[in-house]
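Asker: Once you've looked at the hints, go ahead and assemble the two chains, each given alone in its own frame, into the complex.
In case you want the letters, here they are:
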Amino acid sequence: MLNSKIPSGPLKDKWANHKDHLKLVNPANKRKYNVIVVGTGLAGASAAASLSEMGYQVDTFCMQDSARRAHSISAQGGINAAKNYPNDGDSIYRLFYDTVKGGDFRSREANVYRLAEVSNQIIDQCVAQGVPFAREYSGYLDNRSFGGAQVSRTFYARGQTGQQLLLGAYSALMKEVGRGSVTLHTRTEILDIVVIDGVARGVITRNLISGEIASFAADAVVLATGGYSNVFYLSTNAKACNVTAAWRAHKRGAFFANPCYTQIHPTCIPVHGEYQSKLTLMSESLRNDGRVWVPKKEGDPRKAQDIPEEERDYYLERRYPSFGNLVPRDLASRNAKMQCDEGKGVGPTGQAVYLDFEEAIGRLGEDVIRARYGNLFDMYESITAENPYKQPMLIFPALHYTMGGLWVDYNLMSNLPGLFVLGEANFSDHGANRLGASALMQGLADGYFVLPYTIGDYLAGVPSGRTATDSDEFRQAEKEAEEKIETLLAIKGNKTVDDFHRELGKLCWEKCGMSRDEQGLKEALQKIPEIRDEFWKNVNVPGSGRDLNQSLERAGRVADFLEFAELMVNDALYRKESCGGHFREESKTEEGEALRDDKNFTHVAAWEFQGLNKEPQLHKEALEFETVQLTQRSYK
Amino acid sequence: MKTINLTLQIWRQKDANSTGQFESYPAKDIDTAMSFLEMLDVVNERLTKEGKEPVAFDHDCREGICGMCGAVVNGQPHGHIKATTLCQLHMRHFNDGETIVIEPWRSTAFPVTKDLIVDRTAFDRIISAGGFISAKTGSAPEASAISIQQDKAELSMDAASCIGCGACVASCPNASAMLFTSAKVSHLNLLPQGRVEAKDRVTNMVKQMDEEGFGNCSNEYLCEDACPKEISVVNIARMNKEFRTASRS
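If you read the sequences in order, they're chains G and L.
Here the first sequence stands for residues 1 to 636, numbered as in the numbering used here.
Here the second sequence stands for residues 1 to 249, numbered as in the numbering used here.
No lab work stands behind these hints, which were simulated from the structure alone.
What you are looking at is a predicted structure, and each value in this text was computed from that prediction instead of being measured.
C-beta: ideal position from N, C-alpha, C; glycine also.
Careful: at least some of the hints might be erroneous.
[Claimed, not checked] Sample of chain G residues at the chain L side, in silico, Cβ under 8 Å: (1) I73; (2) E136; (3) Y137; (4) I209; (5) Y275.
Bound conformation, chain L alone (with noise of 0.2 Å):
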């Protein structure tokens, strides 16, 4: 077993209508096999221990599925492993006496709940706005009759396989929600039983990012790098072209 000694920068902020400020707190011992997540676990606990409050941080499965965890580490949304969520980075990427800043996600459209939480009901209103197929339950037709060429069902999965973390909207300079946007009209648009709803799926779901006050997309591609699940860009030039579609008809 190797420990590391650590000292981490910590965004601390009591609600959306406080201000906050980084604290500064030491990480001792930390066991270089533990997740990024649970070295947190073991600073909360030392916090609670001292009768000081815990940081604040969502997190669920920890197995880097729900998308629930995030948090900007040392500039880098999830830190600086490619395709990872912060649960599944671990402390043997750190080295010893190293400071550690960590912050939440920092966008308009995402304001901070308390410490690093931030509240994404927005793409949730993005996918109500068309991220479905009307399916009413009980109306479907045998599965089997839909025949779905394989290489546009892997290119729809490649798509769907978004957690919803938000970690591309905090690297994005315009903290724009394109990807996002994007997977989820690429997994739907690309499938033959997407198609009726297409034009309208593409338009709402855009209207409703605008709405929610996400910046748009210049190109940058650190959403794609931030991502963990690897979502391609490609999704963003795909949305580009449906919604044109869908504005000339």
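Pulled out of the complex, with its shape left as it was, chain G reads as follows (with noise of 0.2 Å):
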């Protein structure tokens, strides 16, 4: 059993008297520590920001020209938070519940609670930083509902929240570039962690415009690289979004933690053709006016204007009275895709559903539907050259979020010491399923408010200064490194990386997606390795190591996608129950509903290395409920 070291007493108290006996660094001592940080996104940037201001010495990689592009920006809808504004009852013990409900009772209660609490901290200190948030006539902010609650706890910046937010953090990070403090690495890609006698103590990096091999070493490393979505090839992040940091991390030893947990978003615009690249999100805030519906009949040819009232399925507010068509993200897209299943989709492909906005354009009036969704309506007829005014959107669920990553304990430590991990890529609190706008809340809960504080506990106790890098492990690493990116452009074979890609996450779509079996998975398991035997042999990269070949940056990432597919199928294949996002078709209610088994599965699992084409080793870290009651999750 893993010891994920959450404190003792009651679930109320549990933060602040961790925080009260966490050991501390003095101030003179801060700046002789140095702290890598990995990912400028919104966990990224608040955390290298925050301990930078507290005096730390931070360096800090991006991928990207600038920090502030990382994805974090194309997050749209909003940021939870239990300010209670609106005076319906919110409360931080409301948003810990609904957001422990939310992911089917697979998350860490303690953790849970904690983001909670710090959430109206993280809204206080992006107002202060000038993130300009939605406001009412008043002068005062505004809230609005998110699916899985019943209250308005969402504060919002038009459909930008997430580029607003991570400027805060951008800003907030760019402030400390200027003062020095923090080295800004941009286009600068991380290839390996380097681990001494079981601590982590480094990074290798690529320069991705000269395509030097460096090699950074720290006191602590922290990682904010991100979820895994990629792995399907089309999701809606972005496209160098990718698992490389935490698989490598992984590799070197530390633990990945419940890999099956993928949060399919059910309103993202539907494929439509083979060289599609992305798939675009429309942000859940549409379902609080837009109506999800689809023909009664199968196969209806009519246009959906043409389709009187009483011959359409509002299926969700069918189904679930309560929430309608504000239900979890989980079950709006496995219900989208039962309808199309039956053959009640529509569109050119049959694989989408309505997403409606008449009766509220009726009752509010065009203008406020666009001043609340304008630029989301643009976008969408950007794309498919429809006006969403006039007919209804055609949607369709796509790969979004990963709830799964490597494994941290309450500290957010991983089982690495001097490895943090934050944001989406570590897993401890969204359980099998994220509700909307908990994500930029986690993000910067982790960065802001958990981070500067729990860093401080290990780094009092290891002496201060920098690990040399001439060290046998940082060469043998920068040699792998090196010799890696020599046999891909060596190899020049028929196909391209994204031959390869596409044909990964087809796979994994269909095997391992919406819902998942006992049979698609093992046939998963057989295909995952052949297909990384062909991308060995038979890729082709163009170009050279020794300058700015993107060809190459996403042969690399494939090549770690195709090894990192294998550990996600097993872990699926191993959770035989139905939870959250992972739905097992041998494991449903009789309505259709995911059906936990908590008797066996109460527990985090928790994947230890041992080496390619050998199974993982499971560690388990129980799921200890001392607050709330697990139930069936109902939303009826």
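Answerer: Next up, the structure:
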């Protein structure tokens, strides 16, 4: 059993008591400690800025040309907090409870409570930084509703909340860069994590412009490198999002927890062609006013506007009367799939359902809808050439977020001392399904208000001073990174990197996507190593390793996805129950809802790497619920 | 499905120290539902299969928000459709048989890194000079303690929606960064939280902007026209006013 180091005492007091007893590094000594932060999304940028403000020396890395471009920027809808400004009965406990329930009782109670606790401080911090949240005419902050909650607790900045929060964190980071206590390395990718005597000591990097491989050592390494949705090739993630840093850490000994917990977002623009490079999300906030429906008749050829009201099935409102269109994402996605599987899907491919604003426009007027969702409607029209004010949107679920990630304890430290993991890259807060507007909350909670406390506890116990980068471990890791690049460039096969990535993605989507069964998963486990073997024999990576080479960058990432995919499928096979976004056909209620098996699976499955083509070793962390009662999740 | 055939004239440049040139590539059977970047993907996949090096171009989110993508298409940054990033430009806006000229942003302050990729780190240095409110983590007051007039908050948000792509610089005959810089000055100086550092902010950001080698504003308004987020030139006027006030005291 893994020890998550959850503090003792009542749930409500755990974090406060824990903070009171964490070891401290005195102000004069902080500058002697160097911390590496990988990634400049919400978690990474907020952590790097906060640690630097406290006095630590920070090196931070991002693969884009600027720290402002990390994928957090794409989050549209909002960020949750338990402020209760609308006076509708919200509280820290309710936010905590909704999040634990939303995660289908597969998250760590103490972490989630802490998350809800610091949510209010995040809003304070962001407002102080100048994040222009939406306001009412009174000048006070406005809120809206999101899935899985019956209160309005979501703060937003038009449909660009992620952008505005990231620009806030980025501005704090750039302030510290200007002050000289953060060194920012842009267009730099992490190729490996260096572990010496079981302790994380640094990273191996590649400068994406010059191709130079380099070593960086530090007293602690923080990974804030996001999720692995792109293992499915088509997802709502940015094109460069990858699992490489997390996977490299895993291969160096860090446990990977619950990789089968993937989130499929119900409202994305459907796939329209083989060349398609990514899927575009339409914010969950649209479900505040949009109604989801399909024709009652299978294969109905009529246009949406020609189908009379009584021949439409508003299936979410029908099946879940108390939450209606605002059920959590896993339910909304699965229900869309069920309708399409029954032949009721709409659009040219039959793989879509309607999201209809006719009723809301009639009730509120087009201007109100434009003010609320104008940029989303514009984006929809620019992609599809259809006007959603006049006809319903076509939507279909797509890979969006991954709840699984590197295993961390309550202090956000992995099983490798000195390796901390934040944001989407870790696993602890969202269980088997994340609620809308909670990713931004968790990224900033980890970076602004958790890590700055817990990292001190670790650093206070280790001597300061950079580890030398001339040790055998660094040399060896650099050599391996160089060799991998040379090998990739030398293959000169017949298929492109994207050919392999598409093939892997399609396989994962079909066998390990919205629904999974034993047979399909076993087929995937057979097929993945075959694709991987062919990749290493037949991929064509043009160009050289000594300059900017985007094919080479992608090849390295896809090579890691080809290894990681196997672990994800293994975990999905191991977890015989259904929970949240992980739906096993063998485990469902009579009504087709996810059926958990609490007796056998109320635990985190954390996997230890044993070598390629070898079974990973399972470590369990028991999930102990002291406060909430485990129930069949119901949104009816 | 409708397809078109195109000829692409693309700027190829090995690195910052090399001279570049246009090269011509056919782009056949392009589905008009593709985005411009998906069209480039298809061309690159074909180049790769022919054993040639694909065209390097920046991109990431492909939903028009990260600000990573951008190229000058037929003389216009992000192409000819208004309020659209290159990743959101779709091929249905082009005609069968057309020749499309694709080149990187051109500006002394944005040196070409490779092909269509330029170095925009000058923007980051402008932000580092003052594009922030110094609210250290943990020091913030309760959020509702600061009440902000809704119309001001909206103006601030209009300016804050800048994605830092650099199209404003690329469109300007003087390669001025006034729209970018003024958008950040406006976003922060319009808010009560931003007033404390307002004077230093505008002074230091303008100083850095000048040091980076961007040109001056001569009221061409091409920046506003090219901006995918429709940032208004009113922000430039606001910055000028802030700058004058700051330099008087």
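Asker: All the hints need checking, so say for each whether the structure fits it.
Answerer: Structure-based check of all given hints:
1. Checking I73 of chain G against chain L by beta carbon gives a least distance of about 5 Å; that is within 8 Å, so the hint holds.
2. At its closest, the beta carbon of E136 of chain G sits 7 Å from a beta carbon of chain L; the interface hint therefore holds under the 8 Å criterion.
3. A least Cβ separation of about 5 Å between Y137 of chain G and chain L falls short of the 8 Å threshold, and the interface hint therefore holds.
4. Satisfaction of the interface hint for I209 of chain G is found here, the shortest Cβ-Cβ separation to chain L being roughly 6 Å, below the 8 Å cut-off.
5. For Y275 of chain G, the shortest C-beta to C-beta distance to chain L is roughly 5 Å, which falls under 8 Å, so the interface hint holds.
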